[in-house]
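Trainee: Residue numbers (the numbering used here), protein chains in the order written: chain A, 6 to 276; chain B, 1474 to 1747.
None of these hints come from the bench; they were simulated from the model.
Hints are not guaranteed to be accurate.
With a straight-line cut-off of 25 Å between C-alpha atoms, the simulated PhoX-like cross-links for lysine-lysine are [claimed, not checked]:
1. A:K217 x B:K1615
2. A:K210 x B:K1552
3. A:K210 x B:K1615
Covered stretches of chain B, as calculated for chain A (at least 3 residues, CB under 8 Å) [stated by the list, open to error]:
4. 1528-1534
5. 1546-1560
6. 1668-1677
7. 1709-1718
Glycine is no exception: its CB is placed at the ideal position from the N, C-alpha and C atoms.
Below are the chains, spelled out letter by letter.
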Amino acid sequence: MAKLILSMDGLVLKEIPLSKERTTIGRKAHNDIQIDNLAVSGEHAVIVTILNDSFMEDLGSTNGTLVNGNPVKKHFLQNNDVIELGKYKLKFVQEAGAQPAAAAADFEKTMVLRPSAMKAAAEQAKAAGGTGAQAAQAARQAALQAVGSAAQAAGTSEKPAAPAAPAAAPAPSAAPAAAPKPAQPLGAIQLLSGGNAGKELELAKPLTTLGKPGVQVAVLTRRPQGYFITHVEGAQRPTVNGQPIGSAPHALKDHDLVEIAGIKMEFFLKS
Amino acid sequence: MNYSQILEVASCTDPGMVRSHNEDSIASDPANGLVVLADGMGGYNAGEVASGMATTVITTEIQQLLTKVQPFQIDEETKVPVAGRMIRDQVLKANTSIYQAAQSQPQYAGMGTTLVVCLFYDNKMTVGHLGDSRLYMLREGKFSQVTRDHSLLQEQIDSGIITAEQAKHAQHKNLVTKALGIDPAVEPEIKEYSTKPGDVYLLCSDGLCDMVDDEDMGMTLQALGGNLKLAAQQLVQMANDNGGKDNVSVILVRVLREYPAPRGVMGKVFAWLK
C-alpha cells in the first residue's frame, strides 16, 4: 500500500497509509489528513487511489499545491513525489515489493468502478489477473507436492485436503477464496444403539446432520475451534453425557456420549 | 394480502472478524413479502449511511405503495405486473437520496451501496439488484446463484478472459461496475421469477460468498433447512471461521405454500373494497 509521510521543517510528523479510495487533505476536522495551519485551505486537496495508482488533485485551494516544487492542479503521483502545502510536506512513498500483498489484504473492500476509470483498470487487472493466476497455480502445485511428501513421511494415506499454508505463501498476489483451514484432528462418531449399531461415521464435512427430520434433528459442525453440536428441530433436545443441550452450540469433547432421536453414539477424535 | 403465513424469513448480520463496524444493512417485511439487503461502501461511517438509506427508503416507499397498488396488477402501458416498475422507481428514489447526500455533505462524498431486493407476490418474485450482493436459490436440493454480479470479475468471466475457477483466486474481487448512489442515474437489473413451495432463497453480501464456497452454502441450507434462523447464523459463523474479512449479512426466505393472487369476481371485489 502506498503511504504519505507528513513532515514540517524536516521533522516527520506522521505516516498516513492511502487505504481509501479518496483521502482528503485540509484544515477542517472532517479531512482524512487534517493540517491545522492557516496557509492550508479548509478543503485543500484530495488523493484518489485506484488500484495501485494515486492521483493528487488540488480542490481550488487559496494558496495552491506544489508537487516537486511545481504548482499543480492534478497530478499522477510517482514514488517519492513531494507534495507541499504551505510549510508542510507530504512525501508519497510506494512500497514496490509490498504492492501485491497490500492489494491482497485489501481485496475485500468493495469499491465502485467508474466507466472512465474502467478501461485502464480492466487492462491492468487483466495483466495482474493473468500473472496472479499463474503464480497461484504454481503455488498450489508446490503445496500439493509438499503435502503429499509430508503425508508419505508420516506414513498416512490421507488425501491432502487443503493446501499447506506455508507453501501457499510465496504467491502473495493471489488472494485465496478462503483462508486455508488450519490442521485439526478429524472427529468421528460411532453408533452404539439402533439398527446400525457399531457403524462409524467420519465428520469430515463442515457440517453433518443427524436424526429424523420432523422428529429430532441435530447438526454437528466442524469449526477451527473443534466440533460443536446444535439442536435444529424437534421438541426434544439431543443430550450430551445425559444432559440435554441448550439452544446454543455445545462443544464436543473426545469420548462424549451423545443421544439424538433415541440413538446413542460416541463422539471421538481420530489422531 | 398478508404474506407472513406464506414466507418464513430469518436474517443475520455481523461485522465479521476484521472490520470494526458493520456497513451492511438488511430489512425484511414478511407481511408484505419484501426483503432488502445492502452492502455500503465509502469512508468513515458513510458506507453505513448509504446502505441504511437504501434499505429504509426502499422498504418504506414500497410499503406505502402496497397500500394503494398490488404488485400483481398488470400495468396498462407495459402489460406486465407493476412489481418491476415499483421496485425500479423506489431504487431510483433511493439512488437520488444517497447521491444528493453524498454531494451535499463532504463526509459522505463517494459513498454508495450494493443492493438486492426481492418482492414476493402471486407465486412469483421480482428481484432487483445492483453490484455484488447476491441472491441464491435452493430448489429441490439444487443450489444455484440467481443474480449475476455487476463486477469487473463477472465481466471478465463473461468475456472469457478468465475462468470461474481462476476467478476464485483473482484480485479485484471488490470492484463493482454498478452501485446505488454513485452517479445521478442508475439502471438496476430487474427480473421476475416463478417460485415454488419449498424454495429457500438466500440474499447475501459479498462477505459471505467471498469467504464460503457455494457448495458449503448449499450444504448448510440443505442440512439446516428445518431451522432457518440457525441456518442464517451458521452461514455467518462459517464466514467468520474462514477469516471473516468483511461484514457478513444473510437473509433467508422460505416459501411455505402457494400464494396465487386473488382473482375472479370475489377477488376483484375484495381487492376493490380494500
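Trainee: Give a verdict on every hint.
Mentor: Evaluation of the provided hints:
For a cut-off of 25 Å, the pair hint linking K217 (chain A) to K1615 (chain B) stands: about 21 Å separates their Cα positions. With a C-alpha separation of about 49 Å, the suggested pairing of K210 (chain A) with K1552 (chain B) is violated against the 25 Å cut-off. For the suggested pair K210 (chain A) and K1615 (chain B), the alpha carbons sit about 18 Å apart, so the restraint of at most 25 Å is met. Check on the segment 1528-1534 of chain B: 0 of its residues sit with their Cβ under 8 Å from a Cβ of chain A, so the three-residue criterion for coverage is violated.
With a cut-off of 8 Å between beta carbons, the segment 1546-1560 of chain B has 0 residues touching chain A; three or more are needed, and the interface restraint is violated. Coverage of a stretch by a chain is defined here by at least three residues with a beta carbon nearer than 8 Å to that chain's beta carbons; for the segment 1668-1677 of chain B and chain A the count is 0, and the condition is violated. Only residues whose C-beta sits within less than 8 Å of a C-beta in chain A count toward coverage, and the segment 1709-1718 of chain B has 6 of them, enough to reach three; the restraint holds.
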